[in-house]
Amino acid sequence: MSSVFSTGTKTLTKREILRFLRRPWNTFLPPFITNVLYFSVFGVILGARIREIDGVPYIQFILPGLVVLGAIGNAFENASFSIFHGRWNEYIHEPLTSPLSYRSMVFSYVASSALRGIIIGVLIALIGAFFTPVHSLAHPVYAVVFLLVIATLFAGLGVIGGLVAEDFDHLTVLNQFILRPLVFFGGVFYSLDALSGAALTASYLNPMVYMVNGVRYGVLGVSDIPVNEALGVLVALTVVVLALDVAMFKRGYGLTD
Amino acid sequence: MPPAIRVEGLEKDYGDVQALDGLDLTVPEGSFFGLLGPNGAGKTTFINVLVGLVRKTGGEAAVFGNDVEDDYQGARDAIGLAPQEFNVDRFFPIKEVLVHKAGYHGVPESEAKERAAEALKRVGIYDKRDVRFDWLSGGMKRRFMLARALVTDPDLLILDEPTAGVDVELRHDLWEVITDLNDEGTTILLTTHYIEEAERLCDEVAIIDSGRKVTVATPDELTEKGSDTLTVYCESALDADAVPDLDDERIESVSVDGDAIRVRASSASEVAPAVLRQLEAEGYTPIDIDIERTSLEEVFVDLTRRGDGSEDDANDGGNGAGSDGASGESETDDGDETDGRVVAEASR
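Residue numbers (UniProt numbering), protein chains in the order written: chain A, 1 to 257; chain B, 1 to 348.
Source of the hints: derived by calculation from the structure; they are not laboratory data.
A few of these clues could be false.
Said to hold, decoys possible - With a straight-line Cα cutoff of 27 angstroms, these simulated DSS-like cross-link-like pairs (lysine-lysine) come out:
(1) A:Lys10 / B:Lys113
(2) B:Lys121 / B:Lys95
(3) B:Lys121 / B:Lys141
(4) A:Lys10 / B:Lys95
(5) B:Lys225 / A:Lys10
(6) B:Lys225 / A:Lys14
(7) A:Lys250 / A:Lys14
(8) B:Lys113 / B:Lys95
(9) B:Lys95 / B:Lys141
(10) B:Lys141 / A:Lys14
(11) B:Lys128 / B:Lys95
(12) A:Lys14 / B:Lys121
(13) B:Lys141 / A:Lys250
Using the sequences plus the hints, can you model the full thing?
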């Protein structure tokens, strides 16, 4: 009755997109200010004292990582907040009591949240281009595909976060104490060449390393990891997470008594 | 055509608490069906099973033949729900909330906009269409809940305490809207604490208690289960100890109070001529009579106070023990409402 192309699915997706587009001060201003500060402090002020990494200026080196940081943070936050807020105020009952399939509902939350992540990623790239001109993308297809996959993956994880959270504090914990440390230790601000021993091994276990390096490969043509394998793993992980999202909706986890 | 709702042996437990305990119920298509029960009887749990907000732990439930789990999309598409609690999207003006809700049911946007305007006009809050839900008054919020249930043009409209806490004027407005809808063919399932509402609106009423059906009948059939009071006023005060000896098997009791003789009988209007004849024969001088019919409220209180609340008990008379009415659901306690007769108060 409701495929992902149905009126119902389109309506819920549109509703989710309008929710963040109509609040530009909340959606776009914080990442704008944060990334202007990142590029100013880490790129311009500190970057002037740091030698090139992998043959590219430091400010350019951190650009892909900051794009990833913004994209995944926003994709995760959008999905988790929208679902949790809907649960908290019970208006998620509006789609839940409608003839939307569980797959359709997950599609809508994930697609809209991934879109927000990608929009923020592009915004950060534009801010970066203002500070350090990147004349062309080294591998544009990789840049686009990696950004698309990681935004979808984190939107899918955000759905889980929104269903599992019992309080607003839980969302903060997920974002600030799990996501952010993984990103910061995911090679946003440094190359894995700078690490050795246990720190290097731990980095290879951090999924963020593969995401940051994938986008960096697409933008700058440099990477600490084999990008095709990384892309394969990320796509597989995304499929698993989306399947888990649908299963949780079907089970009514966090949604029904 | 399958009935609007059919549930058989429906069960829902919350750990040790049995909210629905083998509920059997059939709501015919096109009917105006009332669901009465004390707080915690399982009314809201039952409704939430139908719309997918509560997962049943046993039994079967279907809406127009669509199983609520296996054919959940068909079941949910047929239902328009106005729940007891306000659960409205606060991010958008109410007009857009309705457009979204219609869209979720597959209504294209242009038609959804027309339906939204129509629904808001029908409940009388069209001029508030660009306002968010939080900015509406309490009465307008209640009207909006009905508009949201209507915007999908449902075959089954479920109203869970739609008039709880609203003033008399609004209550009558809402009654008019839902009566019109029923006349147009929409099946209505109404839960209410107001007996007057059930008596006035419903074709049939189910009384449930402790998650089980106590009885299903028309309001008239239910009131006939109770006893009426025939009061015969005499010319002068009577001796309280000189209770007339009235010979009629339909009479349950006779008492004297001042100048009035009160006769309890299964059908007071039928027994009245014989009573008057007997009284006049015994020398009394009746000057006026008054017949007070049993209210649905009295029958309701009687039925829900009995033993374990099963249908058999209701028919057989029960054991008179109080009902514990345990349930995992949370319902608004309207016991202190001043307007209308309130079951919650009466059944405590």
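Unmet hints by their number, sorted upward, for this structure:
5, 6 and 13
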